[in-house]
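2 protein chains.
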Amino acid sequence: MNPLASPLLTDLYQLTMLQAYFAHGMEGTAVFEFFVRKLPPNRNFMMAAGLDQVLEFLENLRFSQDELEWVEASGLFRPDFVKHLERLRFTGDVSAMPEGTIFFPHEPILRVVAPMPQAQLIESRLINLVHFETVVASKAARSVLVAPGKLLVDFGLRRAHGAEAGLLAARAAYIAGYSGTATVLAGAQFGIPVFGTMAHSFIQAHDDEARAFTDFARVFPKSTVFLIDTYDTETAAAKVVALAPQLKRAGIAVKGVRLDSGDLVTLARNVRRILDQGGLPETTIFASGNLDEYRIRDVLAARAPIDGFGVGTSLVTSSDAPFLDAVYKLEEYAGRPRRKRSAGKATWPGRKQVYRRHRGDGVFDHDVVALEDDTQPGEPLLHKAMQGGRRVAPPEILEAIRARAARGLAGLPEHLKGLEATTTPYTVKIAPRLRALAAQLDRASAEPATVLP
Amino acid sequence: MNPLASPLLTDLYQLTMLQAYFAHGMEGTAVFEFFVRKLPPNRNFMMAAGLDQVLEFLENLRFSQDELEWVEASGLFRPDFVKHLERLRFTGDVSAMPEGTIFFPHEPILRVVAPMPQAQLIESRLINLVHFETVVASKAARSVLVAPGKLLVDFGLRRAHGAEAGLLAARAAYIAGYSGTATVLAGAQFGIPVFGTMAHSFIQAHDDEARAFTDFARVFPKSTVFLIDTYDTETAAAKVVALAPQLKRAGIAVKGVRLDSGDLVTLARNVRRILDQGGLPETTIFASGNLDEYRIRDVLAARAPIDGFGVGTSLVTSSDAPFLDAVYKLEEYAGRPRRKRSAGKATWPGRKQVYRRHRGDGVFDHDVVALEDDTQPGEPLLHKAMQGGRRVAPPEILEAIRARAARGLAGLPEHLKGLEATTTPYTVKIAPRLRALAAQLDRASAEPATVLP
Numbered sequence: 001m002n003p004l005a006s007p008l009l010t011d012l013y014q015l016t017m018l019q020a021y022f023a024h025g026m027e028g029t030a031v032f033e034f035f036v037r038k039l040p041p042n043r044n045f046m047m048a049a050g051l052d053q054v055l056e057f058l059e060n061l062r063f064s065q066d067e068l069e070w071v072e073a074s075g076l077f078r079p080d081f082v083k084h085l086e087r088l089r090f091t092g093d094v095s096a097m098p099e100g101t102i103f104f105p106h107e108p109i110l111r112v113v114a115p116m117p118q119a120q121l122i123e124s125r126l127i128n129l130v131h132f133e134t135v136v137a138s139k140a141a142r143s144v145l146v147a148p149g150k151l152l153v154d155f156g157l158r159r160a161h162g163a164e165a166g167l168l169a170a171r172a173a174y175i176a177g178y179s180g181t182a183t184v185l186a187g188a189q190f191g192i193p194v195f196g197t198m199a200h201s202f203i204q205a206h207d208d209e210a211r212a213f214t215d216f217a218r219v220f221p222k223s224t225v226f227l228i229d230t231y232d233t234e235t236a237a238a239k240v241v242a243l244a245p246q247l248k249r250a251g252i253a254v255k256g257v258r259l260d261s262g263d264l265v266t267l268a269r270n271v272r273r274i275l276d277q278g279g280l281p282e283t284t285i286f287a288s289g290n291l292d293e294y295r296i297r298d299v300l301a302a303r304a305p306i307d308g309f310g311v312g313t314s315l316v317t318s319s320d321a322p323f324l325d326a327v328y329k330l331e332e333y334a335g336r337p338r339r340k341r342s343a344g345k346a347t348w349p350g351r352k353q354v355y356r357r358h359r360g361d362g363v364f365d366h367d368v369v370a371l372e373d374d375t376q377p378g379e380p381l382l383h384k385a386m387q388g389g390r391r392v393a394p395p396e397i398l399e400a401i402r403a404r405a406a407r408g409l410a411g412l413p414e415h416l417k418g419l420e421a422t423t424t425p426y427t428v429k430i431a432p433r434l435r436a437l438a439a440q441l442d443r444a445s446a447e448p449a450t451v452l453p
Numbered sequence: 001m002n003p004l005a006s007p008l009l010t011d012l013y014q015l016t017m018l019q020a021y022f023a024h025g026m027e028g029t030a031v032f033e034f035f036v037r038k039l040p041p042n043r044n045f046m047m048a049a050g051l052d053q054v055l056e057f058l059e060n061l062r063f064s065q066d067e068l069e070w071v072e073a074s075g076l077f078r079p080d081f082v083k084h085l086e087r088l089r090f091t092g093d094v095s096a097m098p099e100g101t102i103f104f105p106h107e108p109i110l111r112v113v114a115p116m117p118q119a120q121l122i123e124s125r126l127i128n129l130v131h132f133e134t135v136v137a138s139k140a141a142r143s144v145l146v147a148p149g150k151l152l153v154d155f156g157l158r159r160a161h162g163a164e165a166g167l168l169a170a171r172a173a174y175i176a177g178y179s180g181t182a183t184v185l186a187g188a189q190f191g192i193p194v195f196g197t198m199a200h201s202f203i204q205a206h207d208d209e210a211r212a213f214t215d216f217a218r219v220f221p222k223s224t225v226f227l228i229d230t231y232d233t234e235t236a237a238a239k240v241v242a243l244a245p246q247l248k249r250a251g252i253a254v255k256g257v258r259l260d261s262g263d264l265v266t267l268a269r270n271v272r273r274i275l276d277q278g279g280l281p282e283t284t285i286f287a288s289g290n291l292d293e294y295r296i297r298d299v300l301a302a303r304a305p306i307d308g309f310g311v312g313t314s315l316v317t318s319s320d321a322p323f324l325d326a327v328y329k330l331e332e333y334a335g336r337p338r339r340k341r342s343a344g345k346a347t348w349p350g351r352k353q354v355y356r357r358h359r360g361d362g363v364f365d366h367d368v369v370a371l372e373d374d375t376q377p378g379e380p381l382l383h384k385a386m387q388g389g390r391r392v393a394p395p396e397i398l399e400a401i402r403a404r405a406a407r408g409l410a411g412l413p414e415h416l417k418g419l420e421a422t423t424t425p426y427t428v429k430i431a432p433r434l435r436a437l438a439a440q441l442d443r444a445s446a447e448p449a450t451v452l453p
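Protein chains in written order, with the numbering used here: chain A, 1 to 453; chain S, 1 to 453.
You may find that some hints are simply not true.
Which copy is meant is left open, so a pair is good if it fits within one copy or across any two.
[Unchecked claim] Here are the simulated lysine-lysine pairs, DSS-like style, with alpha carbons at most 27 Å apart:
| hint | residue 1 | residue 2 |
| --- | --- | --- |
| 1 | Lys417 | Lys222 |
| 2 | Lys150 | Lys222 |
| 3 | Lys38 | Lys384 |
| 4 | Lys150 | Lys83 |
| 5 | Lys345 | Lys255 |
| 6 | Lys417 | Lys384 |
Hints are computed from structural coordinates only; laboratory data are not their basis.
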């Protein structure tokens, strides 16, 4: 069994609500929208990702016999309800911003329209997938913005939060513009380019560092990148230079060296000089070791001659902002708009569309959130992705998603491209008819209203 | 195929190193140890978790035909090496601190002794599992310490980093002392108690809040917990009181109410008063909504009458410290101790044991890290878990691990139990023979030494 496809990847309250809906025949059409309430610290935009995994989950949603047996054995559910679960499939519609789209708070990026029990059951896993890939794509986009033209590689599997996080982080980073990943299974599953050469343990397992280098080069004559910081970085760079003629005679060019510790700016400069003076100007310098977009920006600002960066933990955990205030909220049930008004958590009701207005030079000017049937000028960002439980088109290839992401980053206003939070956030307008609907729902209720932005 | 068991859950450099080891016949015995270099901010101790998942991964390690085909098709590897991978199994030994053990920086919590290629290949997934469960157990232990006797439930699946993170976080939190989880599959897979009742969408799907309550209560007469903050919390509490007599006649007791937003201290007090005055003193109050151990400590310090807490995002992402400086380092190869001396990343060489010294009252006094054959007074913390690729005992039951964790938390010195970082960290001594070995390896090397703490 593949646990990543299990319908039991849900919160218990989804199943208890389903039993209550079943008992009371509440199978009306529900409309849920996924959106982010606010930007985390140090973020000026977000990048949508994870839709493909959601569609795959929905297409294959069904309870196996083992899973039904667990539900029954839990003692919480009635036999007729368990029978009903056996037949449950996802038959609804999904509209979404395509992956790689830049978006902002209060903009729905995904809408589900389905019979209430289906739309409810999938909430936990849908958020789980879209939230995480969006967290990582939004984080990865920041190093892409500060290191144009540099090789950027995801090194994060070991400190990712479980295996699926490692795989999806590799995918999300590649969408945002990374060059590839070190995670082999991400290469096998998604077709992402895979990078990697040697670890310190390889050097240490040899009694002699130079011997470790030549042992490796003979096995990988075309992709020889030496890790040179196990003992002393500059000494190792000199060893590489000394080995180069002999390797060259064997048909081996030293493609690159990797630094994984120490003062990268000084070491990169010194190593560059050693390599250049040693006749290896083509040998590249790759850096890794506790890097994030701030350090990359700083070493590049200091003109460190570094050609590429491996980014691990900070990327895959999005360590400075490991979560988004992302939610999936009921906006309409049985044809009537709904609005939650809990303190600090109020929502905009109804089925919505987001329109992006561009300036003449193609840069984003502002967005408008409007009711779906209240057409606005600009580019509508949500598109139908699934109809009646089936995808409306084959999965997008990653290269197309990457191209969209690159266009989105190019279209960002300059003041949103920095690493620190801007004081003038991007403008997201709420269309008048949407505001009017929210006010009308508040007036119609006996309870006091909550003021929205 | 279960992707969580794939040997391709590894970094490419593990496979390239394996091919080099294979080409040069380097199959000597390697000793790797997993340890954490330093505590993250706001942590005074860590709690080990994830060993069971590692042992399961190792027992089942093998390349499927699909995986071998991907390796071959990648073009990076030679056919004879791919053939060799087909036969690869894990045949080594594992020693480890049992799950639930409290530990500190520079203490190995897991040691692998195996032929170099095996010990190397598993590095990425081994760290991935032990690191994440240890991150979450160490985080969860903090809310357990500040909320003794309270019901604590993991609500984190939706914002966990992928599905496996949601499942393993539920397990790690339960080990640390949580009462259970909302994640159904974690209940099914690990036998953890599962909790949950209703979401705001259930209330909103009904035209009337009171009707939503009675609809739910009739279906779950024994586990009726009402979510009361969808519109106005105190009004909803009054509705619960008004409904109680009618529910009682139907044999339904209102077990609890849940608050999910607003000022929890004030709301809990007011709701408690409404419930008590309405004849419902047995009805409990459960709180959720952006909680962490700091907020739990504060609301309990303010004497808010709250009986239990649902903790989600902050727990499963360990949002204030989403990673540990956890590594898996080569300490010995082919019978000779090894030492990495990269700046800031030096390691203690050789096979090591950790001894814990207790005071007369059972509280931990200090630990000693020593070479394995240099027996010290105190309780040795690492125990053999796997021999020749097979577990030495069946998997521990979670209740036994929980009991160990509870004993560990009880044995912590008082000054380490607070939420803020102590100014007097726990003492971890390095035994003289271990220091001498490190110095000897440094002297034997031509390269300059790095000073360790």
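Each hint, compared with the structure:
| no. | hint | verdict |
| --- | --- | --- |
| 1 | Lys417 x Lys222 | neither (37 Å within a copy, 54 Å between copies) |
| 2 | Lys150 x Lys222 | within (21 Å within a copy, 60 Å between copies) |
| 3 | Lys38 x Lys384 | within (25 Å within a copy, 49 Å between copies) |
| 4 | Lys150 x Lys83 | neither (56 Å within a copy, 36 Å between copies) |
| 5 | Lys345 x Lys255 | between (54 Å within a copy, 26 Å between copies) |
| 6 | Lys417 x Lys384 | neither (29 Å within a copy, 52 Å between copies) |
Of the hints listed earlier, those the structure fails to meet are numbers 1, 4 and 6, in rising order.
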